[in-house]
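2 protein chains.
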Amino acid sequence: MAKNQKQIAISEFFEKNKHFLGFDSLQRSIITAVKEAVDNSLDACEEARILPDIRVKISKIDSKKDILELQTEDNGPGIPQKSIEKVFGQLLFGSRFHAIRQSRGQQGIGITGVVMYSQLTTGKPTHVLSKISNDDTAVSVNIGLDTRKNKAVKSDQTRIIWENDDLTRKEHGLRVTTRMKAKYQRGRQSVFQYLRMTSIVNPHADIMFTDPDGETYHWPRVTERLPSKVDAIKPHPHGIELGQLQRMCRESSDSRMTVFLRQNFSGVSMRAAKELCEAAELEITMKPKSLKPDDVRALLEAFQGEREVNGKAIKLLSPPTNCLSPIEEMLIKKGLSKTIDSKFVATMTRAPTVSHGNPFQVEVGLIFGEGMAADKHVEVLRFANRVPLMYQQGGCLLTKAIESVDWRQYGLEQAGVKGVPKGPAAILVHLASTNVQFTSEAKEALSDNEFVFEETRRAMLEMGRGLRKHLEKKKKMAKTR
Amino acid sequence: MAKNQKQIAISEFFEKNKHFLGFDSLQRSIITAVKEAVDNSLDACEEARILPDIRVKISKIDSKKDILELQTEDNGPGIPQKSIEKVFGQLLFGSRFHAIRQSRGQQGIGITGVVMYSQLTTGKPTHVLSKISNDDTAVSVNIGLDTRKNKAVKSDQTRIIWENDDLTRKEHGLRVTTRMKAKYQRGRQSVFQYLRMTSIVNPHADIMFTDPDGETYHWPRVTERLPSKVDAIKPHPHGIELGQLQRMCRESSDSRMTVFLRQNFSGVSMRAAKELCEAAELEITMKPKSLKPDDVRALLEAFQGEREVNGKAIKLLSPPTNCLSPIEEMLIKKGLSKTIDSKFVATMTRAPTVSHGNPFQVEVGLIFGEGMAADKHVEVLRFANRVPLMYQQGGCLLTKAIESVDWRQYGLEQAGVKGVPKGPAAILVHLASTNVQFTSEAKEALSDNEFVFEETRRAMLEMGRGLRKHLEKKKKMAKTR
Chain C
252 MAKNQKQIAI SEFFEKNKHF LGFDSLQRSI ITAVKEAVDN SLDACEEARI
302 LPDIRVKISK IDSKKDILEL QTEDNGPGIP QKSIEKVFGQ LLFGSRFHAI
352 RQSRGQQGIG ITGVVMYSQL TTGKPTHVLS KISNDDTAVS VNIGLDTRKN
402 KAVKSDQTRI IWENDDLTRK EHGLRVTTRM KAKYQRGRQS VFQYLRMTSI
452 VNPHADIMFT DPDGETYHWP RVTERLPSKV DAIKPHPHGI ELGQLQRMCR
502 ESSDSRMTVF LRQNFSGVSM RAAKELCEAA ELEITMKPKS LKPDDVRALL
552 EAFQGEREVN GKAIKLLSPP TNCLSPIEEM LIKKGLSKTI DSKFVATMTR
602 APTVSHGNPF QVEVGLIFGE GMAADKHVEV LRFANRVPLM YQQGGCLLTK
652 AIESVDWRQY GLEQAGVKGV PKGPAAILVH LASTNVQFTS EAKEALSDNE
702 FVFEETRRAM LEMGRGLRKH LEKKKKMAKT R
Chain G
252 MAKNQKQIAI SEFFEKNKHF LGFDSLQRSI ITAVKEAVDN SLDACEEARI
302 LPDIRVKISK IDSKKDILEL QTEDNGPGIP QKSIEKVFGQ LLFGSRFHAI
352 RQSRGQQGIG ITGVVMYSQL TTGKPTHVLS KISNDDTAVS VNIGLDTRKN
402 KAVKSDQTRI IWENDDLTRK EHGLRVTTRM KAKYQRGRQS VFQYLRMTSI
452 VNPHADIMFT DPDGETYHWP RVTERLPSKV DAIKPHPHGI ELGQLQRMCR
502 ESSDSRMTVF LRQNFSGVSM RAAKELCEAA ELEITMKPKS LKPDDVRALL
552 EAFQGEREVN GKAIKLLSPP TNCLSPIEEM LIKKGLSKTI DSKFVATMTR
602 APTVSHGNPF QVEVGLIFGE GMAADKHVEV LRFANRVPLM YQQGGCLLTK
652 AIESVDWRQY GLEQAGVKGV PKGPAAILVH LASTNVQFTS EAKEALSDNE
702 FVFEETRRAM LEMGRGLRKH LEKKKKMAKT R
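For the record, the sequence lines run as chains C and G. Per my numbering: the first sequence = residues 252 to 732. Per my numbering: the second sequence = residues 252 to 732.
Incorrect hints may have been included.
Because identical chains cannot be distinguished in the list, a pair is counted as satisfied if it fits within a single copy or across any two copies.
Below are the DSS-like pairs computed for lysine-lysine, each with C-alpha atoms no more than 25 Å apart in a straight line [as the list claims (entries may be wrong)]: (1) 543 x 589; (2) 337 x 267; (3) 651 x 673; (4) 485 x 673; (5) 257 x 402; (6) 432 x 400; (7) 585 x 538; (8) 727 x 594; (9) 267 x 540; (10) 333 x 402; (11) 566 x 400; (12) 257 x 400; (13) 669 x 720; (14) 584 x 720; (15) 563 x 316; (16) 375 x 540; (17) 543 x 400; (18) 651 x 669; (19) 434 x 315; (20) 480 x 316; (21) 673 x 402; (22) 267 x 400; (23) 315 x 563; (24) 337 x 400; (25) 589 x 725; (26) 540 x 405; (27) 375 x 538; (28) 594 x 267; (29) 627 x 651.
If you're looking for bench data, these hints aren't it; they were derived computationally from the structure. Being a predicted model, the structure only gives us computed values, none of them experimental.
Produce the entire structure from the sequences given, and follow the hints as far as they go.
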């Protein structure tokens with residue numbers, strides 16, 4: 252066991268395990284690449300409060316060897332020259348990892364994974380063109396990856412004037428051009444389907460797609476309203492593990508416990524801070540850094556209501572929910588109607604709630620009508636933080652919640668009392684959360700969580716009742732005719 | 252996008268995403284911990300050619316707070332003092348990552364993940380007691396993790412005399428004691444089931460388990476024969492990607508192409524090395540380091556048979572298969588009969604084969620008989636490199652191969668022409684491979700691979716024919732009675 256032991260770079264790890272990142276087949280690799288680029292564009296536009304215009308183009312470079320070129324372009328804020336190499340060429344580098352708020356990207360892996368896969372399969376770097384509004388010109392640079400060191404390799408960096416098609420100057424934006432071994436396909440798991448689903452949950456985005464045959468598809472913006480701005484929040488005491496609290500105390504430079512508790516956590520008022528100290532038998536003037544292991548444990552017990560003051564657990568406020576940005580019912584309706592033509596659309600946005608200190612919110616939509624096949628399973632459209640989930644449907648928490656409902660009560664067919672129902676319908680389900688727990692880095696399925704499951708199930712039941720009413724009304728009308 | 256960008260340590264990444272490692276629920280966490288410890292013990296014993304004696308004990312420390320203590324002990328070679336902190340306290344540190352051969356562990360994540368989860372949920376370090384035969388005494392040390400730096404934190408290190416229960420001195424071995432927030436449960440997904448399955452595919456191991464109620468279970472060794480020794484092999488030209496080949500050339504200090512090709516790849520004879528150079532239009536005296544991008548591309552094309560000599564692709568030998576260690580039919584039978592009492596047992600070990608330059612081998616077993624429920628789905632026992640896979644059955648390649656067979660032809664019931672069959676049977680399937688591709692770090696399901704799928708399916712068909720014959724014979728005998 253002890254021979255030849257050595258440290259492996261995170262980039263070597265993911266190069267060998269590229270299937271963790273969604274590069275496990277030629278068909279899927281191009282979808283993954285589009286997904287990572289488009290997610291970044293949407294996140295960047297949302298943070299900069301820009302209505303996104305996104306262009307995606309895929310071309311065949313060498314059909315025999317399955318080499319495709321992907322080009323994505325946005326009108327986002329662009330990336331400053333000095334950050335480009337880190338964003339594209341260094342794994343686990345990012346701004347969103349420690350922030351507690353809803354965002355598409357979070358892990359600092361996505362787009363660097365694309366650069367890595369491109370280099371591995373074609374030997375070529377990825378070209379980045381970036382313009383920020385403060386600069387006169389755009390940066391043009393090729394980015395590769397030194398996988399042994401998890402560092403970017405830059406080449407051919409210049410500054411150029413970036414013009415739009417109409418010869419006006421591009422104010423700000425990003426264009427990424429990359430080649431990779433991949434196969435373009437149509438159907439249920441395709442780039443087309445990914446973008447179509449993206450447009451449903453991002454009704455504020457204008458998306459244009461040109462496929463390898465030169466065919467162009469356009470999903471226009473259906474609202475000028477940007478998703479509400481999300482603020483990062485502090486962790487809530489109910490979501491803290493002992494090891495985490497120990498580290499926070501150790502690294503704290505706060506002068507006293509009350510300051511520490513109020514400034515590092517959400518939901519802790521001055522009064523609650525004092526009571527937490529009292530329950531944990533700590534002086535409010537203590538420095539957090541000086542806490543002994545038993546003190547930290549006592550504080551955690553106070554957090555969790557296991558230590559009380561005057562026979563009562565300390566009352567904490569819920570975490571604020573301005574860290575979430577649901578799509579909202581009206582816009583889900585608009586988004587759904589844009590891509591599926593149908594008679595009956597029901598949507599429902601549940602109130603935000605909290606699991607282990609993490610705020611989350613579930614939204615669902617149901618479309619029912621003639622356009623769809625009556626003898627097949629309903630189409631399930633899964634989303635997390637406005638990103639479509641296209642693989643691992645069976646292993647996903649959201650699917651399990653749909654399957655747990657007895658849909659026959661609501662007018663859909665179902666084999667047995669459980670399972671995805673059959674009928675001319677599509678079910679949409681969206682989880683907005685500060686901490687979406689996926690089953691792997693490829694972010695295709697949500698892992699089990701009883702609170703999210705229960706919320707989703709309830710939303711389904713409520714929506715199901717709406718469907719039943721609709722069907723009863725239809726039946727009545729048919730009789731009276 | 253550019254604000255607050257920073258590098259995230261791999262340990263911070265996995266602490267936040269601990270569910271990737273199999274710590275997503277309290278029930279599963281204890282199984283994951285047992286799995287990582289036992290896998291390491293079996294790997295270490297196998298490498299040191301020791302027949303493993305493994306002891307696992309789980310105790311309840313605090314039922315109200317769900318704190319369990321896990322202690323595992325083996326008679327393996329032990330770990331030298333200076334390596335302990337890296338093995339237990341540093342993620343992505345390992346000896347098996349770059350080696351191409353069959354092994355249980357590979358990623359350098361497993362046991363460090365356990366130490367991390369323990370510290371996160373209890374604030375406590377993990378205790379390690381290690382004795383190697385060269386030392387007189389054993390090392391006793393507590394290991395924690397500095398997650399900000401991905402470094403171990405050592406404490407209370409001493410050397411002690413380690414005695415067995417009978418007061419003789421322990422010659423060599425390892426004992427790991429760790430506490431964690433977890434729930435012990437029984438049933439299909441349990442520590443008991445994990446160890447039972449482990450004993451089936453490791454018939455050379457003696458495993459003893461004491462559960463939280465003090466109940467002891469024993470799976471004795473059924474063969475004294477250790478699994479055959481596996482040798483690490485070089486990568487095969489058919490499994491190389493362009494980016495990888497570029498790096499190998501760049502980092503090479505070989506003086507000429509023929510040396511480079513013969514020493515860094517398997518399956519390349521002197522003659523093949525010369526022909527590869529000829530096909531790629533490279534001088535055999537060139538230094539690999541001096542190759543231009545187009546040269547490397549040409550070499551890859553020669554590897555893949557796209558460049559020929561005298562109208563023929565260059566003939567390469569298959570990679571050696573002494574990097575694999577199948578269980579073999581007789582021992583699968585013994586292992587299965589040990590845990591399931593039944594009449595008919597069929598097993599089959601396919602010949603080793605190669606996918607993308609990676610040698611692999613499929614083995615299957617089928618048990619049929621009265622002991623099992625006739626109206627339920629057959630029990631599916633999945634294994635990869637002698638490790639049981641207990642979660643994500645539906646999303647696993649091995650399950651998909653079973654489902655693809657029309658089992659009604661072979662005497663089992665099946666709803667439709669596809670799906671897991673029903674009947675009083677259990678199906679075992681084992682993939683031995685130098686590069687098992689899991690869907691995530693938790694190593695619970697295999698991702699898609701058409702070659703492995705086809706091999707598994709063929710093995711099933713062959714075994715199915717055996718079952719049909721058995722059932723026909725039984726029918727005949729019943730008639731003649």
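Here's how the hints hold up against the structure:
1. For a Cα distance limit of 25 Å, the shortest separation of residue 543 from residue 589 qualifies neither inside one copy, at 59 Å, nor across copies, at 51 Å.
2. Taking identical chains as interchangeable, the C-alpha atoms of residue 337 and residue 267 lie at most 25 Å apart whether they share a chain (21 Å) or sit on different chains (21 Å).
3. In the homo-oligomer, the alpha carbons of residue 651 and residue 673 lie at most 25 Å apart both inside one protomer (15 Å) and across protomers (23 Å), since each shortest distance falls under that limit.
4. Taking the closest pair of Cα atoms, residue 485 and residue 673 never come within 25 Å of each other, the shortest separation being 43 Å inside a single copy and 51 Å across copies.
5. Both within a single protomer and between protomers do residue 257 and residue 402 lie at most 25 Å apart by alpha-carbon distance, with minima of 19 Å and 13 Å respectively.
6. In this homomeric assembly, residue 432 and residue 400 come within 25 Å of each other (Cα to Cα) only inside a single copy, at 24 Å, whereas the closest approach across copies is 35 Å.
7. Proximity of residue 585 to residue 538 under the C-alpha cut-off of 25 Å is found in neither arrangement, the shortest distances being 54 Å within a copy and 63 Å between copies.
8. Proximity of residue 727 to residue 594 under the C-alpha cut-off of 25 Å is restricted to the intra-copy arrangement: shortest distance 17 Å within a copy versus 61 Å between copies.
9. Taking the closest pair of Cα atoms, residue 267 and residue 540 come within 25 Å of each other only across two copies (23 Å); inside a single copy the shortest separation is 41 Å, beyond that limit.
10. Taking the shortest Cα distances, residue 333 and residue 402 sit within 25 Å of each other inside one copy (14 Å), while across copies they are farther apart (29 Å).
11. Taking identical chains as interchangeable, the C-alpha atoms of residue 566 and residue 400 are never at most 25 Å apart, the minima being 48 Å within one chain and 36 Å between chains.
12. For the identical chains of this complex, residue 257 and residue 400 are neighbours both inside a copy (13 Å) and across copies (16 Å), given an alpha-carbon limit of 25 Å.
13. Taking the shortest Cα distances, residue 669 and residue 720 sit within 25 Å of each other inside one copy (22 Å), while across copies they are farther apart (37 Å).
14. Taking identical chains as interchangeable, the C-alpha atoms of residue 584 and residue 720 lie at most 25 Å apart only when both belong to the same chain, with a minimum of 18 Å there against 59 Å between chains.
15. Taking identical chains as interchangeable, the C-alpha atoms of residue 563 and residue 316 lie at most 25 Å apart only when they sit on different chains, with a minimum of 19 Å there against 69 Å within one chain.
16. Only between protomers do residue 375 and residue 540 lie at most 25 Å apart by alpha-carbon distance; the minimum there is 18 Å, versus 49 Å within a single protomer.
17. When the C-alpha separation of residue 543 and residue 400 is checked against a cutoff of 25 Å, the pair qualifies only between copies, where the shortest distance is 22 Å, while the shortest distance within a copy is 38 Å.
18. Both within a single protomer and between protomers do residue 651 and residue 669 lie at most 25 Å apart by alpha-carbon distance, with minima of 9 Å and 22 Å respectively.
19. Within a single copy, residue 434 and residue 315 get their C-alpha atoms as close as 11 Å, which meets the 25 Å cut-off; across copies the closest is 54 Å, which misses it.
20. For the homomeric pair residue 480 and residue 316, neither the shortest alpha-carbon distance inside one copy (44 Å) nor that between copies (38 Å) is at most 25 Å.
21. In this assembly of identical chains, the alpha carbons of residue 673 and residue 402 never lie at most 25 Å apart, being 50 Å within a copy and 53 Å across copies at closest.
22. Proximity of residue 267 and residue 400 under a CA criterion of 25 Å is satisfied in both settings, with 15 Å inside one chain copy and 23 Å between copies.
23. Proximity of residue 315 to residue 563 under the C-alpha cut-off of 25 Å is restricted to the inter-copy arrangement: shortest distance 19 Å between copies versus 71 Å within a copy.
24. Taking the shortest alpha-carbon separations for residue 337 and residue 400, both the intra-copy value of 13 Å and the inter-copy value of 19 Å come in at or below 25 Å.
25. Within a single copy, residue 589 and residue 725 get their C-alpha atoms as close as 24 Å, which meets the 25 Å cut-off; across copies the closest is 62 Å, which misses it.
26. Proximity of residue 540 to residue 405 under the C-alpha cut-off of 25 Å is restricted to the inter-copy arrangement: shortest distance 20 Å between copies versus 42 Å within a copy.
27. Proximity of residue 375 to residue 538 under the C-alpha cut-off of 25 Å is restricted to the inter-copy arrangement: shortest distance 22 Å between copies versus 53 Å within a copy.
28. For the identical chains of this complex, residue 594 and residue 267 are neighbours neither inside a copy (49 Å) nor across copies (43 Å), given an alpha-carbon limit of 25 Å.
29. Both within a single protomer and between protomers do residue 627 and residue 651 lie at most 25 Å apart by alpha-carbon distance, with minima of 18 Å and 21 Å respectively.
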